[in-house]
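Number of protein chains: 2
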Amino acid sequence: MTKQSAKPAAKPSKGRGLTPQAEDFSAWYNDIVYRADLADLGPVRGSMVIKPYGYALWEHIQRNLDDMFKATGHENLYFPLLIPMSFFEREASHVEGFSPELAVVTHAGGKELEEPLVIRPTSETIVGEMYSKWIQSYRDLPLLYNQWCNVMRWELRTRPFLRTTEFLWQEGHTAHATADEALAETTQMVDIYADFSEQWGALPVFKGEKTPGERFAGAKLTYTIEAMMRDGKALQAGTSHYMGENFARAFDITFNDVNNNQAYVHTTSWGFSTRFIGGLIMGHGDDKGLIMPPLLAPHQVVLVPIYRATDDEARSRVLAEVDKLHAELKGLGVRIKVDDRPELSPGRKFNEWEQKGVPLRLEVGPNDLDEGVAQLADRLSGEKRAVKLANLVQTIPAELAAFHDALYARAKTFRDEHTADVSTLDEFKERIDAGYFVYATHCGDADSEKWLQETTKATARCVPFDGPSAEGTVCIHTGKASGYPRKVIFAKAY
Amino acid sequence: MTKQSAKPAAKPSKGRGLTPQAEDFSAWYNDIVYRADLADLGPVRGSMVIKPYGYALWEHIQRNLDDMFKATGHENLYFPLLIPMSFFEREASHVEGFSPELAVVTHAGGKELEEPLVIRPTSETIVGEMYSKWIQSYRDLPLLYNQWCNVMRWELRTRPFLRTTEFLWQEGHTAHATADEALAETTQMVDIYADFSEQWGALPVFKGEKTPGERFAGAKLTYTIEAMMRDGKALQAGTSHYMGENFARAFDITFNDVNNNQAYVHTTSWGFSTRFIGGLIMGHGDDKGLIMPPLLAPHQVVLVPIYRATDDEARSRVLAEVDKLHAELKGLGVRIKVDDRPELSPGRKFNEWEQKGVPLRLEVGPNDLDEGVAQLADRLSGEKRAVKLANLVQTIPAELAAFHDALYARAKTFRDEHTADVSTLDEFKERIDAGYFVYATHCGDADSEKWLQETTKATARCVPFDGPSAEGTVCIHTGKASGYPRKVIFAKAY
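Note that the protein sequences, when read in sequence, are chains A and B. Counting from 14, one number per residue, gives the positions in the first sequence under the numbering used here. Counting from 14, one number per residue, gives the positions in the second sequence under the numbering used here.
Accuracy of the hints is not assured; some may be wrong.
Copies of the same chain look alike in the list, so a pair counts if it fits in one copy or across any two.
[Unchecked claim] With a straight-line cut-off of 25 Å between C-alpha atoms, the simulated DSS-like cross-links for lysine-lysine are:
| id | residue 1 | residue 2 |
| --- | --- | --- |
| 1 | 362 | 146 |
| 2 | 301 | 425 |
| 3 | 343 | 425 |
| 4 | 246 | 401 |
| 5 | 350 | 83 |
| 6 | 362 | 343 |
Bear in mind the hints are in silico, worked out from the structure with no lab data behind them. Keep in mind it's a predicted model, so treat the numbers as computed, not measured.
The shape of chain A in the complex, shown without the other chains (with noise of 0.2 Å):
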């Protein structure tokens, strides 16, 4: 009756500190995700379990995002995990882009398979084959579709949340009689990750389109929301793609038109993922350890009651006044948790939420009774100051507000503190050394953005929406006239 195996290797655990993040910002976030409970490896290499902590956080994120797609008009559906390995056959860019990475069924109910089935990467193929049966007339569209569902791509190298073989995420589908619906969809989508991403998780964004070579496969363009973490590196946190007819024409999609003439549709797809909390733990993270935003934690508020155990008297004012409180504040719709562990000190409790990242905490000891305040400890500030109880529950939600304000306020000077605007390799090359997001001219040419990633690991994250324009300005590398209207920004991605 002894424990079979020991923490896997990969798993750090070296002492009881997190690593600093100027130390080895990847050993922080391997040290803050397991630490902080967000999640396990699992069994099969390149698997992750996703702890109650860390899913927690994920419902937060599904539950207000879906209530932004339902807001515009979308509804949910469920399409099947396994899709026939025969349709990404169909669209030759799409099939090249994720054969490498798929896993296969060979064999089920005890026997091989006629033709293997493929655990879905990604859903376009079925999809486009059920929306060829369900849609005949422009009055079946526009179609607004998404789902909610667990995806597979074989990656080889792993890491929680960022990339993991197995990952949780929605993917909208929809399909449209014109172009400019469709596109029109493809901004209203990327516009609603860029809000959520700064709205709920206080997380700044760059929105802007991929260069070519970043495309999604068989997308005609890609939307994409980039996030700086705090190592200045940049993570892709949610892309929106329009295909134009590439999938009706693989999948066959057409529908009548008004005046009765056969057309294809134009559809657009677009996602967002279990990868978000990466782009949170990393973007918001110090060297205490996770830093929540307030709309998206699984506990906005911790509420400690402190009293010596021999001193019954103390103990019972004191949870007498931490559960009005715990009422009263649950009663404003703050998620708040109590910490009433006897076998644990305060202190104890304090760097463990301080670890997980609650934005604010609530101490109530005898003292502070007989002062008629509660202490107040902000996680990101680090102050403490007396609140008095008699408003203390209305200060609340503000406080939470403002936590959030500060925290988007962090982030974005942190962000803009770290981008700049060059006009020579030199530069580039210097700024990308030094953790920059960059903005610089370039020419468009698939080989020297290829150069660029070699020479400087920096990839094109995105030409941004509202970035400086290009105007009378060459490519940094090439010296030819700029392939865009605006600067691109590169910078080191996960």
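With chain A's structure known, arrange chain B on it following the hints.
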């Protein structure tokens, strides 16, 4: 540019009407699933696409059941889809039960895998592996976790919602220090399923224990809820299992108890799936189509404006009132759908929403406005009456509550009228043939249970917790003493 394929063969599409239930219940079921747009067949045999109208029902089921789990202290998390084949072999009866139905990934990332990976048919094994790592001390217990996910069981005979190779469900997995605690959890969860079915789905259930032959593979005991469909057959709608130490021993899940002795945990699991949608369809539907339970209905009220296309004045008066009613009812939290499709006649709309089972229909036309009323039609009673506009909005929530009660009462009455308590094998056969649920004393002998099934097609559904006592009676088949304190319910089942 012609469509590649017609609808798959299995999908009925003869004429416009539904097959009457009395003529062929099974054909009625297939008809309504597709006509009401709940689901479509997927491209792979045995797979299904859950369409928006069906998925919206699932979302309401999920949201409300999840609230009940959380209110009883459970947290959600997410385990990986793929499980090493070897895990299944650690619990003998578990592998025996599931191995014929497994779908197996043998290749991934372009290579053959060293060990085949199984798409989870259920997650006890991977949960066991992780719990063995997570649980060290009695302080870690109980673990009260649940996940919402897809699972796969390669069944040969499939039917939408009732039995598909892939389905959606939740699976709760808990670990406890003692058998008593685990048994209390097992009971609590079957109680929650029963309450949910009755209080949200308006579907009465028998709650009881499965006979040993019908237990979950690997369980010490299985509790179940069994609902009666409108053809008198039973549908198992949710199960809760007490595993004893079976999985703890197979996966070495041990803990140090309060006295610092190492002991095995006691585990439970409990599941509720998209199968329940099949139960709602067959438990409430009639020859006109679905009847949705109001608390889970995607649309609780449909509002149909009525006017002549040529009468602009009437149209604008009617639409103004419709907008007002829509906004007010939405404000009260009523899920209301306005059907203002100009291309369809009111009659077509009425038929469509009747078929889709929307509980209440409101009609507003110019004559109604002149009289200060709207017409309120009830899907269950089929009655329509004029309701004063002045107090219409306030009336609706009460109407919905009354609809729920009437729907529940109808199902309960039907079940009571089709449940018999028998003492002889002849009576047993007669009632089973007539489509009844039959209470009968049984010796508990596995061979006898099998003989009854082969001879009469009836299976032991459960020993209901509050069924008639078996005291003083003998087995209807063997004449031996009862194997259970109470009579067993037998029925033909889905």
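Each hint tested on the structure:
no.	hint	result
1	362 with 146	between (57 Å within a copy, 23 Å between copies)
2	301 with 425	within (20 Å within a copy, 58 Å between copies)
3	343 with 425	neither (31 Å within a copy, 38 Å between copies)
4	246 with 401	neither (42 Å within a copy, 64 Å between copies)
5	350 with 83	between (30 Å within a copy, 14 Å between copies)
6	362 with 343	within (21 Å within a copy, 44 Å between copies)
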